[in-house]
Every structure is written in C-alpha cells, then in structure tokens.
Amino acid sequence: MTDRRGTDERLAAWLDGAMNPADAAAFEAEMAGNPALAEQAAAWRANDRQIADALAPLATEPIDPEWLAQMGLAESTAVAPAMPPAANDNPAWWQKRWVPVGGALAAGLALVLLVVGRPPEDPQDGGLSLALDSTPALQQAQLDDGRMIEPVLTARAADGRWCREYRIGDVAGLACREPQGWKVEAEVEAAPATKPDEIQLAGGTDNTGIAAANARLGTADPLGAADEAALIASKWGDR
Amino acid sequence: MADPGPDSQAMREEIIAVLPRLRRFCRGLTGHAENGDDLMQSTVERALGRAELFEAGTRVDAWMFRIARNLHIDAIRSVGRRGTQVDIDEIAETRGEDGRETVENRSDLAAAQRALQALPEEQRSAFLLVVVEGLSYREAAEVLEVPVGTIMSRLARARARIDAVVGRSQGTGND
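These protein sequence lines map, in sequence, to chains A and B.
Residue 171 in our numbering sits at position 171 of the first sequence, with consecutive numbering throughout.
Take any residue in the second sequence, note its place counting from 1, add 1000, and you have its number in our numbering.
Read the hints as simulated data drawn from the structure, not as lab findings.
Predicted model, so just to flag it, every value in this text is computed and none were measured.
For every residue, glycine included, the Cβ atom is placed at its ideal position computed from N, Cα and C.
Errors might be hidden in some of the hints.
Stated by the list, open to error - One-sided excerpt, in silico: chain B residues whose CB lies under 10 Å from chain A:
id : residue
1  : P1020
2  : L1053
3  : T1058
4  : R1059
5  : V1060
6  : L1071
7  : A1075
8  : F1127
9  : V1131
10 : R1138
What the hints assert, rightly or not - Which residues of chain A face chain B? A few of them, derived with a C-beta cut under 8 Å, are:
id : residue
11 : A42
12 : W44
13 : N47
14 : D48
15 : A141
16 : D144
17 : G146
18 : M148
Model the full assembly from the supplied sequences, consistent with the hints where possible.
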C-alpha cells in the first residue's frame, strides 16, 4: 500500500520537523480533516516521547573516572591546581561558617583565585547552566564532562540576579543567572572538606575569592530550602 | 608519530563531552546496560586509535555514533558466522521481539527497551539517532551512510512497529 507508506513517511517527517513549511502546512490541513491520521500522529508522538524520556536518564549517569583514566581520557578533565594545596587542614571556602574545633583557620585559608568575572558562558558551557538551573542545593548533577557539580546555596545579588555558590570536586564557585546562562563570578581551588565530626558552627569571616565576590555583588542572605525549591520550580521567575 | 598535539587534546575533550550520549546510544542499540557499555568502550578505543581519520569541521558525536553502530553490526554479523557463541545482546538481535527480559531495572526503561528491541537494527539506529539523540535526517543519513529518504522511511516503519508493540502490550494488560 504505497499510499499508506507515503502517509506514514510524511507523518514521520512532520513529527521530526523534516518538512519544509509549505509541506508541513499542507500536512496539517490534511490532518485537520482526517481524525484517524491526527490520532495516529498523537500516538506516534506519545510513543516517541515515552521512549526518549525513559532513555534520558542514561545520559546523566556519571562516567566512571577510573574507566576514563584507563582510556587515557581522564587527564584532560582534571583541574590542574594553580598552586600546591596549602596545609591540609584548610577548610573549603564555604566552611567559613563552620570552622574546625580549635583550628584557628580563618586566617589560614589559602585559596587560589582562578577566575573572576569570566564573561557570560554561551549555552555550550558544559552543562553548568543546566545543572545550576535545576539542581537543589546539596544535591549533585553531572556536567557534560562527567564531573559532578553540587550547588551549595542560593542568594540574590544586589543587582537583582540570582546567584549560587557551588562546588565541582575541589573547585568552589559562585555564578549568577543571566538571560543567556549562568555567569561564573568566581572560582577557587578549595582544600578538601574536613570531616563533619570535626566541624562546628562558627561565625568566621574571610576574604577569599568567593567571599570577595559576594562582597562585590552584595549578595543577600541565602534562601531556605523551600524558597529555593519554589524558585527552581518557577524556572527562576522566568515566564 | 605518537605526538599528541593540541588537536588530539581537543579531540579527547570532545570525546569526553560526547560520552554520556554515546553510552545512551550504545545501550539503546544493544538493549542491555553492560553490553552497551562494552560497545561504548570499544567505540572510544576505535575513535582514539583513528582520530586522524576524523574530518575537521564535522561533528564528533556523529562520527562516534557511526563507529559505534558499525562495531555493533560487525558484532552481530560475527555472531551470525560463529553460530553458537552468543551473548544476551546478540540474542536480542536474532530473536527480536520475544519478550526477552532486559537487565535494565526501571520499568519505563525496560518498556522502552522492549519497544526498541522489537525493531530491526536499521530502524532502531535511525530511531535512536533522530528521536533520542536529536540528529537531523541529514545527520542521521551521514551516520548510517544511507540517503535521507531512507532515514525517513525507516523512521516511519519504526514508529508503526513501535505503535503496534506498545499498543499490544497495553491492550493485553501487560505482563
């Protein structure tokens, strides 16, 4: 049945956006007068979506770093430290609020400012914007290169932009949301986190890269989890 | 000779960026998580070994999809010649839609895999490239080395088959 096959092929091309506008308009007019065809189109589209959605998470699973290393691919993703790590009891930058017991570390923070005021990333920013748009604080998402990013907190800058502090491995960063994506305001090499049982709440201050960026941007107090969740759900206030 | 210049570094980074999607494509092709990962590994090895054959200005993802798909077909053919030595992946290829269980543990993923494995390989690869990976007909045609019209007809037949399979399992109240 050549007719049937021809119709199926036109439907496929229409679903895939592979028709020129005139053909697409003609096909849509045909569907409007042919409920069976319209129903078939809806069913095919639903099947497509179901399969694509089911497979979508497969592309977000982390790639095993050991495997990458075996393949000789790992070194290209490693973040080369700009200087040797300082004394290993240095807390990571966000621990300015949680200083190790008995450790006079606020003055000892030795973090290396890597990037300040990088220009806005284009959409090809390795998944950073996507991850920051959609990942709640303290949960992880995978960047395109396999590294895991963990947003730490969300706060509003004085200029009205939403900003998030985050961590990618040993790199801590601060990025603010702009129409074309998240702009990295600062990134620093951070010492590994100390163990949770070694820290306690404290009111330390520092003037490391992230803190300096926060000061420069005049960021307000961080949002609570519920407010942050609502903000993510609203797509950051976008309509 | 073995001089890894800046180009090969850039190539490695592009390969890494493609890996998550390549893995999805490989799992969709084989219908099986482990076999898909094996295929991804073979694909990366082949790509790294033949990086000099990559045409600058073309898409690394399309190039790697083509390598993966060709390796997959080679594996199916070689199993066909050897006869008995088959693993679960190739069983899927030769048995087609027979309700074979997959190792995937999520039910929606398992259902999607069942629908995909009900397709002949040529339709499955076209469907995965266009519907799941978002390639245009022209790009998919280049990956599969067939005319654009062939991609269109494979997608039409794939969707008709999927609709029959999905409709059937829904209609019978499932298994």
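Now for the hints, and whether the structure bears them out:
no. : hint  : result
1   : P1020 : 4 Å, holds
2   : L1053 : 18 Å, violated
3   : T1058 : 17 Å, violated
4   : R1059 : 13 Å, violated
5   : V1060 : 12 Å, violated
6   : L1071 : 15 Å, violated
7   : A1075 : 20 Å, violated
8   : F1127 : 8 Å, holds
9   : V1131 : 5 Å, holds
10  : R1138 : 9 Å, holds
11  : A42   : 11 Å, violated
12  : W44   : 5 Å, holds
13  : N47   : 5 Å, holds
14  : D48   : 5 Å, holds
15  : A141  : 12 Å, violated
16  : D144  : 5 Å, holds
17  : G146  : 6 Å, holds
18  : M148  : 13 Å, violated
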